[in-house]
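4 protein chains.
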Amino acid sequence: MSGNSIGRLFTLTTFGESHGPALGAVVDGCPPGLALDDADIMADVERRRSGKSRYTSQRREPDRVRILSGVFEGVTTGTPIGLLVENVDQRPKDYADIRDRFRPGHADYTYQQKYGLRDYRGGGRSSARETVMRVAAGAIARKYLRIRLGIGIHGYLRQLGPIRIEPVDVSAVDDNPFFCPDPGRVAELEAFMKALVKSGDSIGARIDVVASGVPPGLGEPVFDKLSADLAHALMGINAVKGVEIGAGFAVVGQKGSEHRDAITPRGFTSNRAGGILGGISTGQDIHVSIALKPTSSIRLPARSIDAAGAPVEVVTRGRHDPCVGLRATPIAEAMLAITLLDHYLRHRAQNADVRAVPPAVPGSADAARD
Amino acid sequence: MSGNSIGRLFTLTTFGESHGPALGAVVDGCPPGLALDDADIMADVERRRSGKSRYTSQRREPDRVRILSGVFEGVTTGTPIGLLVENVDQRPKDYADIRDRFRPGHADYTYQQKYGLRDYRGGGRSSARETVMRVAAGAIARKYLRIRLGIGIHGYLRQLGPIRIEPVDVSAVDDNPFFCPDPGRVAELEAFMKALVKSGDSIGARIDVVASGVPPGLGEPVFDKLSADLAHALMGINAVKGVEIGAGFAVVGQKGSEHRDAITPRGFTSNRAGGILGGISTGQDIHVSIALKPTSSIRLPARSIDAAGAPVEVVTRGRHDPCVGLRATPIAEAMLAITLLDHYLRHRAQNADVRAVPPAVPGSADAARD
Amino acid sequence: MSGNSIGRLFTLTTFGESHGPALGAVVDGCPPGLALDDADIMADVERRRSGKSRYTSQRREPDRVRILSGVFEGVTTGTPIGLLVENVDQRPKDYADIRDRFRPGHADYTYQQKYGLRDYRGGGRSSARETVMRVAAGAIARKYLRIRLGIGIHGYLRQLGPIRIEPVDVSAVDDNPFFCPDPGRVAELEAFMKALVKSGDSIGARIDVVASGVPPGLGEPVFDKLSADLAHALMGINAVKGVEIGAGFAVVGQKGSEHRDAITPRGFTSNRAGGILGGISTGQDIHVSIALKPTSSIRLPARSIDAAGAPVEVVTRGRHDPCVGLRATPIAEAMLAITLLDHYLRHRAQNADVRAVPPAVPGSADAARD
Amino acid sequence: MSGNSIGRLFTLTTFGESHGPALGAVVDGCPPGLALDDADIMADVERRRSGKSRYTSQRREPDRVRILSGVFEGVTTGTPIGLLVENVDQRPKDYADIRDRFRPGHADYTYQQKYGLRDYRGGGRSSARETVMRVAAGAIARKYLRIRLGIGIHGYLRQLGPIRIEPVDVSAVDDNPFFCPDPGRVAELEAFMKALVKSGDSIGARIDVVASGVPPGLGEPVFDKLSADLAHALMGINAVKGVEIGAGFAVVGQKGSEHRDAITPRGFTSNRAGGILGGISTGQDIHVSIALKPTSSIRLPARSIDAAGAPVEVVTRGRHDPCVGLRATPIAEAMLAITLLDHYLRHRAQNADVRAVPPAVPGSADAARD
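Chains as they are written, first to last, in our numbering: chain P, 1 to 370; chain U, 1 to 370; chain R, 1 to 370; chain Z, 1 to 370.
Extracted from the complex, chain P is given alone in its bound form (with noise of 0.2 Å):
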């Protein structure tokens, strides 16, 4: 299987350019009779379209998912699920002046390096306007997980370069255009970024997505543990260099015995594993956290060279984000979703017969995060 699929048995397969005619997707190995349809879709692609505030590029793009096939008389039918997205506010000639230069931090030279030539209109392939067709997909996965389930999955803005938000509101995410979970530090946020607009410059972020309702079993040790698989998933968006389960980082300056999360008859004490011990999830929260890092397209000037190999200044002008972290909370909390579905459909196939002895404890709800 080449690098444009993800998941086993849940498979979400992408194609399509930046300026392309389309972006499409084929969702294989969902389950059937799950009630599915475009509006499904449309609500978490929503929230991830660009346009939506003064914060994120001013592309303007429907984002009108088609679904193709798979869906049946308002139900999936468990053949493979085709969606397609026209692109509509295309400006291939935004880029002619870097066809021939690579933009420092970007995919540019790599791509060049890789395949001998490349797709420059906006990134082409590596443009993160590929991960529309991932928030689609994970909005199946998330129904079904949600509907048949009972799991739930929420992500939002846990830091804006140097400002650090707690989640003190989590149901207040979509009511900002910061996936902010503390409606108090939007205006912080808001005159952050309006600084940083004028500056030229970009920012970093970091993200965190939490599951609940996770039942206790997912993930197959030893290289597919859940905590691998969630790290090729979410290491896998564009921008991002780390990923963090639970404690993540933290762990290196704890002792065992701070660390460690007691069960008791009604559940963990805390949660410092992140709902996953051994690479199986315990029943608890699955908490994951990723940096991204601050896009390379600033106005500021950079020094590159060209495809001759001779030393060229580089300023990105056009439609861009100054902070792609901003947009990144539905990607994350896409990439949960398959990456859990996918987890649960490959933990039945082989212990649908297991009745777990004991009974599992209750799940997160006096878990505390470290």
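Check each hint, because a few of them may be wrong.
Copies of one chain are not kept apart here, so a pair can be met inside one copy or by any two copies together.
No more than 25 Å apart at the CA atoms, straight line, and that leaves these computed lysine-lysine pairs for DSS-like [claimed, not checked]: (1) K255 <-> K198; (2) K255 <-> K194; (3) K255 <-> K93; (4) K93 <-> K194.
Note that these hints are calculated values from the structure, not bench results.
Model the placement of chains U, R and Z on the given structure of chain P, informed by the hints.
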């Protein structure tokens, strides 16, 4: 493919439990014609072996790896390489007391929930003993990378609990039991560990692994980015809770003008990207950093439940590492080597005809990681 | 990976139902730099298209394939190639009467048993209409094989019901609606089909496909022998019930002294092996033969049951092929091409360094199939 | 995944050469809780073992299979099952004379072309000795199918050279060295084989394998149809040149009105489909038939070339089977069992929630194969 295999073309499948009769592996897809004998493998396996210092488990296993197939007249034949290590120093009776109780922070509870039963002897399949086979297989990958491609791989301890180490002299890592790249800090580490062992507690660690001489072009966007597959391979190591590529989580606070690595005809001016852009290697050093949690097997008591769901107190005696991170360096190197070779083969499968234009800039000679 | 993808490195994923809005495919892993446009694909798709003769279904679909991605400035980029065909001549109402009954010999009953529901319009996903995308993807593989490797692929009708055909002139296959390689037999075939159509019945067929110019070395023992993967690819075509390599079932009656192909410095003296020994190509022509069952959709009544389990009589009206084998030649050629390209890439991934000793003997020049 | 693994969820990986130190296998994905011990495996391995009769190779291997992992306290744990057989009766020196020459009809030439070198001792990896591990793994699959699902698998000799056998009494197959299902024909087979051995020649064979009690719904259209995956699994057995499902190549001459199996409330009235429609099991018996070529290792001389490309005469002495088909029955049964269990797991992964409507008709009770 089930969860005990990794790699698409250079594939490692492992089997074996901590206190079962043997551990084994199948390495499939290795190119033919590579000179290989037991000594190539034992060199790496020795570096990982327990019982080497008083800061690691005192279990005495000779870890004698036998090559059972795939090598003929001293060279690989292209057929699968079978590897086997007999377990010698099993003491399953040491574990009778955890038969019916779940050690907090361990995989006992999750294996039981997943499979309905578990091999409780020393963690069974979830034991870090499984990583012997990763190191053995990694030695094969590593030799190919070195001999045929000139790629070097080295790792080192970057942090032990509160003690941060700079890679002052990476050639010194094999001269001390900590894989410490700064000989001047070894005494400090010894003192820390001595006190830790006395206290009955354990500690986390951070390990860095680096690959030099990697050609540009490795990595399969969009889902199997080199970064994503490295995250998968390294997060799948026991006790790992975080993975970073290049600047990692530091990108959250960086601006685009700070983060992006400028390109010049003489090479990149920095390597915050960790050698990967758009999921494809740049030709610079690949930098990966991982966080390992403190082992939960400590002498200090913890609350847990038994198989009937009743509360119990768990105290771990027996042979355990107070810092699993101390032995993780060869394991992380092995997973890096396996992933790189797999991607090298994947890359040449698709792109063997490509003549890169322009010629690659020099690699990491002058690159510095931030 | 779910069941709608084929190939490990050159991967085809298809979606779409017979009477849904569209059929589509993603071709992933195609080497970059291959000149490709719509015409390359349409040439093969036209050969398969229905409505070409009075002996095939009278459904009128233009089968206009659009390339949506993976091609830029006239050449493949190495990123996934999205392909789409809109369905135009759907008549779902034709199928209202089979909504609640299962046509014998069709997939109606098995899809219902597997998924609990089915898209009953024209067989939904189980329709041979899905093979349009196989032919489109096969055209890409075929072009690469021809341009880069000099491999030629051709197929022909070998038997239609009782009429056995010898490949007298394979260049003539596109000059008649039967893909018949003996122009002198076309009249006989026409007479047979005319009588068959009049009778309301259908008939089986045998198709042979041959690849010439294949280099020795393709195939991955032991499970992914070239023969095994060809069997998988060709048995997966609708209505196929048998696959033979080389002498096929005739080997049952052969002695070793008759069967084995002698080797001389000027090449093999015969090709009973069909170009494959030990699962690896020999350099001779690859010969594969398949058996296609007669379609079950005929005007003659048959006994069956309805959704309530009650007995019913089924009579199929509407647009159907009296011999699905008549259109199978381009489909079988496509599956052969896809499998060979996939194996070519797999082979060079592992063995690109190999310098074969001794030089290969000449291929199939003087080989004759028994 | 490289070529030495088969199955997506129930996965078998094998290693080992004919005259290397050992053969081994890893069976991954087996459901936990299945009672399993050495005797379960040895029963099938014994049936395949060489040296059982004077019509098979006289190599004396005890084929003692050790279970190295994945079984604890007598039941499978869900972790990978490692299997090992030490080679005892190696005689590598027997093969010195083929070191530099290629036996016609064998894999010598193709391995050399593919890998640039080969283990020439008894065919190395290409030897049928590798199939010991298939049978061992198949025994595990078979036990699960029987105990948990009530699926029975049996095979038999259908044709030996010119002698066609009808399955008069399949319970008799283990009572004679030919797996002959008609006790009255055994003497005829013995006479034929005696004359054949005397002549120094070898002969082809046809083997049928049947699975009874298979639930409807197994198979993953469109590429991984049950028929396609069975063709892959069975064509991958050494010496197999043809695979048929149900009526197989006889469909070429059948009309639709003859071929299709009518459905009644009491079940199907015939089973020309071989238990598979649209790539999905119907609930009837699965019928597969394979053709095995005559071994090329015979005492009669043949023309070939040596490593320098010069013409040579090859005569095979030593220990060889005059009819490889005589031992193929347990191997074919094993591959059928492995494929069915893999598909059972794949099916329940996606469709565990499905409540089939209507209830399945009875299986194959009254079905007769044509």
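Hints, one by one, checked against the model:
For the identical chains of this complex, K255 and K198 are inter-copy neighbours only, at 13 Å across copies versus 45 Å inside a copy, given an alpha-carbon limit of 25 Å. Taking the shortest Cα distances, K255 and K194 sit within 25 Å of each other only across copies (14 Å), while inside one copy they are farther apart (42 Å). Proximity of K255 to K93 under the C-alpha cut-off of 25 Å is found in neither arrangement, the shortest distances being 56 Å within a copy and 28 Å between copies. Taking the closest pair of Cα atoms, K93 and K194 never come within 25 Å of each other, the shortest separation being 28 Å inside a single copy and 58 Å across copies.
In this structure, the earlier hints numbered 3 and 4 are contradicted, and the remaining ones agree with it.
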